[in-house]
Amino acid sequence: MSKKLILCLTLAATALFACKPERLVTPSEPVKSLTGSWQIIRATRNGTDLTSRFDFTQFRIVFTDSTYVIDSLVPFITSKNGKWAFDDPTYPFNISFAPADSPVKSAPMQFPISSGVRNLILTFSPGCSLNSYQYTLQKAN
Amino acid sequence: MKKNIFSSAPASPGRRKIWSWTWKIACALVIMVIVSCSMTIDTVVQPSSVNGGDILPVTLNVTISTNQAQTSTFIVAVLVPKVWKTAQNATITFTSDITSGDQQMTVVPSGTPAPNGGGLDWPTYLVSKIGNGGNLLPDYEWVAFQSNSPYSVAGNVTFHATVSIKIKTSVDNVLFKLGYCVANGTDGLSDPSRYGSYLSTDCFEVNGTGDVIDFCNPQLANVDPRTSLDNDIITLTFDGGVESTVLDNASQVYLCISGITTAGDSLSVCEQTSRTKMKSLGLSRWQIDIWPRKLFGLTDDQHLTGLRYWFTDASGNNKVGYAGTTDPFIYTFKCE
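Residue numbers (the numbering used here), protein chains in the order written: chain A, 1 to 141; chain B, 1 to 336.
Since the hints were derived computationally from the structure, they do not count as laboratory data.
Do not rely on the hints blindly, as some may be mistaken.
[Stated by the list, open to error] Cut-off 30 Å, straight-line C-alpha distance, at most; resulting in silico cross-link-like pairs (BS3-like, lysine-lysine):
| no. | chain 1 | residue 1 | chain 2 | residue 2 |
| --- | --- | --- | --- | --- |
| 1 | A | Lys105 | B | Lys279 |
| 2 | A | Lys32 | A | Lys4 |
| 3 | B | Lys85 | A | Lys80 |
| 4 | B | Lys334 | B | Lys279 |
| 5 | B | Lys277 | B | Lys294 |
| 6 | B | Lys294 | B | Lys334 |
| 7 | A | Lys105 | B | Lys277 |
| 8 | B | Lys294 | A | Lys80 |
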């Protein structure tokens, strides 16, 4: 057997064993997290901007994995502390609030990133259902 | 090699004359095409008043002229108070020289962009192009209806249409300036010659029940939104420019207000502090946004049926109420 043949067989064997199946991992959408303290940065009523006209600055809502606590209440989806949940943790379009001893209330939500900052936009009617409020919240520092 | 038509050799005087006339004739034809396509509301027949909850019947006599054959839907829009919920409570039909029998119309679905409207839907585009008809409260709306079928119309014809509008009014007392618009579904409101509009200068009256919703006359006081409950944020505006009052020279204006509970109790907040201080909007107009549940410190079991309120100066001694008297302005909470 010639040296060239041995060399070729060695190279072929090396190349063969150098191959291995590659596991392709599909990128997954992360589960959305609300954990932290959020404040209102913009508020509208029936499209009218109320942000600078009404004091929303003290309002805070602190989310843990499953509970929420409200401080300095303003007209909101709920007025009592309790538990919260997304309709879909990966692709949430609704958030529900289950205050203690009160019915569950849910509201449409958006969760966009604007200027590198995550926003939580909630649409709801705290009083008359004919009036629509939209609050944009960001994490409080 | 392409010939540059703008840099060709100077034309002879004869050719220049021919070109000059050609351009003039072309421009005249273009202008004729634009001008000759018209849609006008010739007359509007409507009552001066109806009783609350009754049907408001309106007839529009419309003339339509075309310059070229076109197939389009017919659009009729009405300017009405929101409280009538006209999209659900109106029927519009029309007859015309080119159709047979009553032609049915239905509400243009919400969000449908108006032709040449830059993405705006019909109600929004109608407000921006035709306006609010001089109605002073924001609770008005344009509601657009379109014919259920498109119609093919020959060029260079003039024909008439009679539009029958029937709107079931609400039971509320209302003063309102009605408005109407007719257009076609292809051109929309692209040019005033393509549509017809009529804005009533007279104030239409509904003799109903409850507080008068007066869109026609400037009000000393106004509450926005008109429909709300005690857990809403409500905006109270004092317009001192409407008439002379004891607050004409006030440098600061405060709200003095009572909330009436469902149990009949009266809860009063009548003080001259930061929580009742109104913001100046200029021209003797003052505004404050309140959240009644917090302002009156309501418990979970307490709910308000209405408000009674006045405006005062910093001393609290000069007080303005309904029609400039010391009687309170009254606001009733409701949601319908």
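Hint numbers the structure violates, sorted upward?
Per hint list: 1, 2, 3, 7 violated.
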